Amino acid sequence: MRAELVNAIVGGVLKGEKRAIARAISLVEDGASEAEAILSALGPHVGKAHVVGITGATGSGKSTLIHKLILAYRRRGRKVGVVAVDPTSPFTGGAFLGDRVRMQDVTLDGGVFIRSMATRESIGGIADATEGAVRILDAAGYDIILVETVGAGQLDVGVAGIAHTVVLVLAPGLGDEIQAIKAGIMEIADIFVVNKADRPGADQTVADIMSALEMEDYGPASWRPPIVKTVALTGEGIDELIEQIERHKRYLAEKGIRFSEKKVRALLVEALRRAIMSDLLPMIVRSAKFDGAVKMIMSGRLTVGAGADLLLAPLKKFLRGSHGEA
Amino acid sequence: MSVAGEGKAPSRRIRVLIAKPGLNSHDRGAKVVARALRDAGMEVIYTGLRQTPEQIVETAVQEDVDVIGLSILSGAHMTWVPRVIELMKEKGIFGEVLLLVGGIIPEDDIKALKEMGVDEVFGPGTSTEEIVKFIREHVRRG
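First to last, the sequence lines map onto chains U and B.
When we follow this note's numbering, the leftmost residue of the first sequence carries the number 2, and every step to the right adds one.
When we follow this note's numbering, the leftmost residue of the second sequence carries the number -3, and every step to the right adds one.
Because the hints were derived from the structure by calculation, they are not lab data.
Wrong hints could be hidden among the right ones.
[Unchecked claim] Pairs of lysine to aspartate or glutamate residues, derived as EDC-like cross-links and limited to a Cα-Cα distance of at most 16 angstroms, are as follows:
1) U/Lys250 - U/Asp144
2) B/Lys110 - B/Glu82
3) B/Lys87 - U/Glu18
4) U/Lys19 - B/Glu54
5) U/Lys230 - U/Asp199
6) U/Lys230 - U/Glu241
7) U/Lys19 - U/Asp110
8) U/Lys290 - U/Asp310
9) U/Lys80 - U/Asp110
10) U/Lys19 - B/Glu86
11) U/Lys230 - U/Asp240
12) U/Lys19 - B/Glu50
What you are looking at is a predicted structure, and each value in this text was computed from that prediction instead of being measured.
Chain U on its own, in the form it takes in the complex (with noise of 0.2 angstroms):
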């Protein structure tokens, strides 16, 4: 480790150079022998930012919504920092990195910092990554911190559990939002944006989310995801989801919270259905009481089933006793 490029970049990073920001994030990107230097330095500087996370599917138009926050978000004199997610070709390793091409217009912009990041090897990894990125950006001193991944699909854990308030872009036509309700996306949302509402089928996007959240329980005092209509291409809506946006920050300072319970809950499981497929899973089946239970199938004295609850029987009682129930 280089420890005096370490003291070098931490002092640039806290002056807010955007070189030395830059290079903070690269060697966390790296994951550099300087990254874990570089940021318990900065530790004592992170904590003023508000991280939004813009998630959405390719097309429903993140890119032109940021761009238009960045701008809105200036004229509210606020500093943004942006981090944009694309992923890695599996095949190839390498990435082509697009979200710029519409924000080119705030580049000279001295309270505006943009950085295109890759998914790498894995979705854990770029997890830790985008922390990092976002750690940085909140020591160099940016105010509203905005990290865009692509998303819809899939239960973004990582990226969700970063920010503060997660904004879930829709868009008419896309068939994403039957797909987002499917894939249990809802519960991470904290605001719901229909882009390109001035298509046809927007008010049916709305309404299927509507009905969506109709299937929650929100108690009286919990955070209840508004929908906010939206075309970024005109600026249209923007007002209304940056209000929304501090609406949600005033709602997480009142509780005295970072993140609603519902999204941490929805991320828990998530994190936990994962943990135990890679982790638990394997360490059972290596196990010799799993062998046992193979053989007392093999010769008909066990279904698959009961040899199921079998193995699982002592980490249910050790669940069961550490609850204090009977």
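Add chain B to chain U, keeping to what the hints say.
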């Protein structure tokens, strides 16, 4: 909290900015190159048409690229390139970031551009493999 990079091998990727300065609106060549570089495992930041030198260099800084590739078909290379170099020097990235120019450039101008600090000029007949090879061999940050 998980710390970025923890338990993972470093995964350095070559990052390339493909930019088209000026008013010319043909970007097919730039896109072909962008795709080839992506397919060679690089991360390509594409900014679209009609970039000013100021926008190009600022984008290169924020994106922390290893390479700037300028696609110039308008014949205005002797205007755009010196300005880009001047700004790269101002921002302290000249000499660290590779500067490549693609387009139809007369022989005399190629010589002049290289003297100014352009690392290589690729004419219309260049294969994308040549460009990939050049970048891999000359990129300055490991």
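Could you work out which earlier hints the structure fails to respect and list their numbers in ascending sequence? No numbers; nothing is violated.
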